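Let the sequences and hints guide you as you build the complete structure.
Number of protein chains: 2
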Amino acid sequence: MKNVKMSVAYDGTNYQGFQTQPSGNTIQDQLEAGIRMLTGEEIRINGSGRTDAGVHARAQVFNFHTESRIPIDRWAIALNARLPDDIVIQYAEEVPEDFHARFSAKRKTYRYAIDTNKFPNVFTRQYRFHHHAPLDVAAMREGLAALVGEHDFTSFASPQSTQPSHVRTIYDASIVQNQDGLDIFVTGNGFLYNMVRIIAGTAVWIGEGKMSASDIPGILAACDRTKAGPTAMAHGLMLWHVEYPE
Amino acid sequence: MKNVKMSVAYDGTNYQGFQTQPSGNTIQDQLEAGIRMLTGEEIRINGSGRTDAGVHARAQVFNFHTESRIPIDRWAIALNARLPDDIVIQYAEEVPEDFHARFSAKRKTYRYAIDTNKFPNVFTRQYRFHHHAPLDVAAMREGLAALVGEHDFTSFASPQSTQPSHVRTIYDASIVQNQDGLDIFVTGNGFLYNMVRIIAGTAVWIGEGKMSASDIPGILAACDRTKAGPTAMAHGLMLWHVEYPE
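Residue numbers (our numbering), protein chains in the order written: chain A, 1018 to 1263; chain B, 1018 to 1263.
Rather than coming from a laboratory, the hints here were simulated on the basis of the structure. All figures in this text were calculated on a predicted structure; none of them were measured in a lab. Possibly wrong hints are sitting among the right ones.
Because identical chains share one entry, a pair is satisfied inside a single copy or across any pair of copies.
No farther apart than 30 Å at their CA atoms in a straight line, the calculated lysine-lysine pairs in the DSS-like style are these [stated by the list, open to error]:
| # | residue 1 | residue 2 |
| --- | --- | --- |
| 1 | K1135 | K1123 |
| 2 | K1019 | K1244 |
| 3 | K1135 | K1019 |
| 4 | K1227 | K1019 |
| 5 | K1227 | K1244 |
| 6 | K1227 | K1123 |
Written out as structure tokens, the structure reads:
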């Protein structure tokens, strides 16, 4: 029995998110169907976490246990041949038996991408939220910096969150500017339902002057979703990197 | 009567090319339908040239004459509101009565993009031809350089070309490497049917060692399509820039 870890990139546009749903049409369904075609095994994979409908991943990580004798260096090419072209395995490696893509994860980084061109860049329209109005990037950076640290993020979580604790640690929240606009990168030890999208929506409100960076401590302290900004649209979000202990 | 010039970007994936076809579903059809919705006028636009089914444009140029009193600085936003999201007008300007997007064009630049990653980058899969095998970029550059100048490009044109002359001038043909692979840029005074795709296919064959850069003069001299390399797939091609006299 092998424990196989894989990294997968996907365009989430046409899927109902990563994790299997009663309504079907998820990335996980596609991956498990591909593995079934390849090995005949009915396997449940463990993702590092969910991504919402329409959210993308540059490097989602998952693992599964298999009896298959397929050599580890053939897995990626064999599985890619059985996946639709909007889901691409990047690598496969054998990991110790106790590795679990979700429980072993140390940090995750998400990117929220904004296209500030007057009209959208047609070639990145499915991956960047188009927002032409001027944004005060310095104020946005200040607001994001105020989120760094260990906090109760109830104000930045969907009221539908069922997590027993809303305390999470953000290690970094920063902005990189590029020719199409700006990328918000947020790294933390874990994220609540809609948390990065609410952080992005709040950052945009700060950039527009509808909120101030100095409001952030009060928003956190309130533990009230209605105090933060809106939930930014799903298509601008991408799971960027999942980090595991060496 | 105004003569309006516009620049348009499009994702050609879901269209039968730029120019109106009996089979329908072209970029031109969408643009003319949008103008009709906006002004009520049945207008034929002049494109700078055709692009094949599946080919993209970063900056295609077209013009048309209109009686509409829409201010010139409102045209782009008004027309974009009436176009599907894979076609985006970038700007509109009023030009002299004798400007014609095709006849006035001086030079055109196309990009042919190749993804040399082991597995395709899922986010650019519709815009780059995936080719993982090693390519000798120095040899490709040498082969492209041998195309620069005024030549009869019959060997690099579809046998279906109906042009009276196959003599064209290439001003530049070069390669820019980037993190996803390489971009071939070709600038000329005009291009024959399939010409850039045949140049790209030939460059790939040179990169693979199936042909040599020193074969190019003989291929040109033969005036025989069968002597050049294959026609590269449409989705890697993008109309990059159309240049007009100042």
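* To do: Report the numbers of all earlier hints that the structure fails to satisfy, in ascending order.
  => Per hint list: 2, 4, 6 violated.
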